[in-house]
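Undergrad: Here are the chains, one letter per residue:
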Amino acid sequence: MIPVLGLVAGVLLGLALKPDIPLWMQPYLPIAVVAALDAVLGALRALFDGAFSDRVFVISFASNVTIAGLLVFLGDSLGVGSQISTGIVIILTLRIFSNVAAIRRHFFKA
Amino acid sequence: MISARRRLLRIRLLLLWRPALTRRQLLATGAAVLLGFGSVASWRAAHSDTALATARPDQLLSVLDSLNSRSQRLQAEQRQLAVTRQRLESGSNAAAIAEARKRLQVLSVLAGTVQATGPGITIVISDPDRIIPSSILLDTVQELRDAGAEAIQIGKVRVVANTWFADIASGGVRVSGIPMQPPYTVAAVGDGATMKTALGIPGGIIDSVTAAGGSVRVAVGRSVTVSAVAPAR
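Going line by line, the protein sequences match chains A and B.
The first sequence maps to residues 15 to 124 in my numbering.
The second sequence maps to residues 15 to 247 in my numbering.
Because the hints were derived from the structure by calculation, they are not lab data.
Certain hints may be false.
Just so you have them, the derived chain A footprint on chain B, three or more residues with Cβ under 8 Å [as the list claims (entries may be wrong)]:
1) 50-56
2) 193-203
So the derived list for chain B, only partly shown, Cβ under 8 Å to chain A, looks like this [to be verified]:
3) Val-47
4) Ala-60
5) Arg-236
Computed from a predicted structure; not experimentally measured.
For every residue, glycine included, the Cβ atom is placed at its ideal position computed from N, Cα and C.
Kindly generate the complete structure, drawing on both the sequences and the hints.
TA: This is the structure:
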């Protein structure tokens, strides 16, 4: 319950503060959000599998976001930024799908 | 076994849902806050008008490219219009009148309100069995237009934008209401060689007419006159 409230609080905070993302950060933030979403869904899946570990969760959350950002930065420096962003989004989306499928299997056994 | 798994699932859900200040819940809450905040922030960024400021260099290049070619096109058009304007302004009214006459002549030929003479072809479609449908005549007209015909007449009828074709049950064809019997004579002003080729393509007009037992005679002429005019409206 508290995490759900936290999500709502984060959204409200974002709406209330109207944060202006610094320009250098704008290409990385959407990728970071997708990476974070993947980490959260992975944690949820681990929770239902009974394999959740908060240490793993924190590390995977932070490393997902960092590595995604670093990869995009590397791609931008090499001139293949848009391709690498596309690749990252595709991989993360695949993982999100498989995580959601695993969670779904717990509830519907299908 | 299954029910045990269900119970386990329910317990885990309860643990997840029940508010408790465990480290686990706090961590999850922190992640959720970050996720919510980040989502809203990037949503706002994606919907603000700073698209160009954050675009990648290759995207900017393509935008710049298209803008450049657009501006070149517009500049060429501007030069052309400036020349026309200068001619119209300096040459008293003579240039303007000449320009207008030229346009009038072109448009009149297209509209079919004046006769047209020039290089072209004369086609005679004979149909001894009287079975050629109006669609073949229509195809002939389309083929001639595609090949660049400027003016076309069938029999004594000028073919214009609203000309229509219909079959007569007892044989023959009605063109814009005028009944015609074969052989049909078609005169067209335009590039004769191109039009002749267009009629002769495999599966084209000549093939269709021959298949129906008829024949097509095509004569390319240096001076063909399309004498029929469409009634002015």
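Undergrad: I'd like to know which numbered hints this structure contradicts. Please list them from smallest to largest.
TA: The structure conflicts with hints 2, 5, although it agrees with all the remaining ones.
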